[in-house]
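Student: Starting from the known structure of chain R, fit chain P onto it as the hints suggest.
In order, the protein sequences belong to chains R and P.
The C-terminal residue of the first sequence carries number 374 in the working numbering, and the numbering is unbroken.
The C-terminal residue of the second sequence carries number 548 in the working numbering, and the numbering is unbroken.
Check the hints yourself; a few may be wrong.
[What the hints assert, rightly or not] Straight line, CA to CA, 27 Å or less: simulated DSS-like cross-link-like pairs of lysine-lysine:
hint, chain 1, residue 1, chain 2, residue 2
1, P, Lys85, R, Lys192
2, P, Lys135, P, Lys121
3, R, Lys192, R, Lys270
4, P, Lys135, R, Lys270
5, P, Lys85, R, Lys270
6, P, Lys85, P, Lys135
7, P, Lys35, P, Lys135
8, P, Lys135, R, Lys192
Hints in this document: simulated from the structure, not taken from any laboratory.
Residues per chain are reported as follows:
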Amino acid sequence: MTTASPAAHPIPHHTASGTTRRRRWWREVGWRYPLAVVFLVYAAFPLVYVISSALARSGTLVGTSGLFRTFTMENFQAVNDTKFWAWMGNTVVIGVITSLGTVLMAASAAYAFSRFRFKGRRTSLTSLLILQMFPQTVAFVAIFLLLVSLGSVVPVLGLNSRLALICVYLGGALGANAFLMYGFFTSIPQELDESAKIDGATHAQVFWRIIMPLVTPILAVVALLGFITVFGDFVLAKVILQSPENWTLSVGMYQWVSSELSANWGLFAAGAVIAAIPVLVLFMSLQRWIVGGLTAGSVKG
Amino acid sequence: MAVDTGVVPAPARESHATRWRGHGVGFMVKLALMALVNAMGLMVAFSAWRIEAWGIFTGSVVLLVVIDWIYFSRRMVPLKYLAPGVAFLLVFQIFTMAYTAYVAFTNYGAQHNVTKGQAIEVLLLQNERKVEGTALYPLTFVQRGDELGLAIVDQGGVRVGSAQAPLTDAPDAVVAGTTVTQLPGWDVIDTKRLYSDTDLANALQDLRVPVSEDPNDGSVRANNLSQAAVYRSVLVYDADTDTMVNVDTGVVYRATEEGFFRAEDGSRLGTGWRVYVGFDNFRRGFIDGDYVGPLLQITAWTFVFAVATVLSSFFLGLILALIFNDPRIKGRTIWRTLLILPYAFPAFLSALLWRGMFNARFGIINDWLGTISGWFGGGDVYIPWLQDPTLAKFVILWVNLWLSYPYWFLVCTGALQAVPAETVEAARIDGATRFRLFRSVQLPLLLVSTAPLIIASFAFNFNNFTVVYMLTSGDPTFPNASIPLGQTDILITAIYQISGVAAGSSSVADYGLAAALSIIVFVVIGALSALAFRQTKKLEEMA
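Bound conformation, chain R alone:
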């Protein structure tokens, strides 16, 4: 954070006495601290509360209001007796496959758009741009009906199939990410692949050995965003996955809270802590990338 800010110009120390200096400090900087504390309480309180609930002995919503009164790992152990880890496994598998597929498909589409001049290129780019504005989730009724018919032909692509859910997610892969990648791909000089072509490289070799290594950062961002999106998706997973052993975390944990909120509270809190940690770590360590990706993608759109 080295960029100059409005108040960065030097303050004339030698003329000010102690009190005026303090008053001035308070007027320009000091007031920010109490406000920051207020917002910090707003931001962090629910998170502190969920940790306290996860460690509380009662296991229900009753009696979780006294923060950190009791410490026990019982809630975490109780999680093991549920399908939680199966849901976690489903979420991770679906998320990883989806994000890998998304990266591959979006990267190859971006390669095609940035490196080839073909008929209908502009039209397809514009159509993609328009398409990406319409979120897939709004069409979930049609997706449901499509999977009902597909399922009668190939059960593995029907309702209640994790593979079908992955396919549905992959349907949204191009729209959301091809543009983000396209911008990045065009910033890589064409001379690189041209020289490789002169050396006899095929288009596939240019793609895999020259372009892909150079765009690794954006691939990582797209993969990560893809994973976090799948992790947080509820409606498509809820519509498609029906039996509890196929659920993802969001569907399963919603079930806990919606059916028996008070009784399952300890379970939920412990599960939430476990589920949030990997995402939190991923997000925080790659914060700068994610935010860059988010804004760049949207500006392009």
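Tutor: What follows is chain P alone, placed relative to chain R:
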């Protein structure tokens, strides 16, 4: 840049043929992948053919041919890279959007779930009764693999069939008295097994073997363990007049345009079929009927929700960005990290967490408010946060603010830092106050760079299913109990409730109305995106 391409560079003017060095690894991988794709595609096409799902059959064959053409042709290199993504896009996004539009103009739903042919079949099947005074046929239960069947002795010959396969003659069967003892291709089920295996007994009890391909001919079913009877529908379908006649009562049901068989007196048969209904769904949703009042309220609330969320979170984020946009603050990185925590916490977990905190009976918020009121001599506090419509809306906005402000904090911080230092300095020298500097320099520049994000965020929140559904599930419900909607529902959650895909049972499903609402959402989003484009251009010109 030296690149090891693995291919020996060809001298000029050498023909392609002499460059042939055999296929590389890449080609083998491609071949294997294509073999896999073709195998799967053909499998889908075959099973679609078998159950006569012509839409899927055509779709899979066309897709397969196009993919093979793209990858085995020497041209169309760009398409080789676009094809996988486009294939998924076509099936799971473009097709589903088009299908939504189609469903919106039909009465597809619980009572109109199938095509007319299927509806006729279902009606005939549902109305089958044992034919009065019918002959009883000696019966033997048989099976092949998982498929259960009935074998009957009819005029000395044996006939056998299952639920899928109508009765056929079995000339090679061995009959002892009235019992079939051997039947080629089938295993005879010993009746003693039925006493211990009740599942099997029930399955056989319910087994219905069609007499022929024509549903009007009825079926054969087990009457008891050793005898079968012929069942025939009390309804008879006449294709020429397109009517169903109840042979018991003589009532004639005529096929109507609404997708039902209806009699003169207005009564109708239960199962209908889907038909084109024009703008009927839109009329039901927004002009007259039970849904109109609630849906108009829900639409208004959807807009309020999206606008209020974007505005509140943008301003809170902006305020925080301004507060922390001063290098003299100690530990800025730590403050920032802590303040964006809500954004890193998965949204569905946050919503569920707040749902517990706002719980009226045991939630921490009412509990602490109760403690505070205790200090002043008050009693327990019971505020129905999620049960009162107004309060519930407030809670949704509050939680969504919590979820979204860090995004704007990050975006605004970036945008503020991108404001050129010279511009700020120049304004200061000209004597601008801090407010003036913000109002006339920083804010306009900030709006230029964030305007597209603001519109994108509006579009996102317009469909923010997770927050609303996780927090309130749309509750409290509207006083009119005949519809499945609640007062905090936004359009996308209303679509979910109306579509009935949640319940698992299709008894409440109304796909037509749900799809019509989806179309409305698409139109709003589309209009908004168009506006976003123009607005972005305008702001850029201004800047």
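Student: If a hint holds in the structure, say so; if it does not, say that too.
Tutor: Each hint tested on the structure:
1. With a C-alpha separation of about 14 Å, the suggested pairing of Lys85 of chain P with Lys192 of chain R holds against the 27 Å cut-off.
2. Our distance criterion of 27 Å between C-alpha atoms is met by Lys135 of chain P and Lys121 of chain P, whose separation comes to about 25 Å.
3. Taking the CA atoms of Lys192 of chain R and Lys270 of chain R, the gap is near 22 Å; set against the 27 Å cutoff, the hint holds.
4. Restraint check for Lys135 of chain P and Lys270 of chain R: the C-alpha separation of about 79 Å exceeds 27 Å, so the hint is violated.
5. With a CA separation close to 18 Å, the supplied pair Lys85 of chain P and Lys270 of chain R stays within the 27 Å bound.
6. Between Lys85 of chain P and Lys135 of chain P, the direct Cα distance comes to roughly 61 Å. Violation of the 27 Å bound is thereby established for this hinted pair.
7. Annotation: proposed proximity of Lys35 of chain P to Lys135 of chain P is violated, straight-line Cα distance about 60 Å (limit 27 Å).
8. At roughly 67 Å between alpha-carbon atoms, Lys135 of chain P and Lys192 of chain R are farther apart than 27 Å, so this suggested pair is violated.
In this structure, the hints that do not hold are numbers 4, 6, 7 and 8, in rising order.
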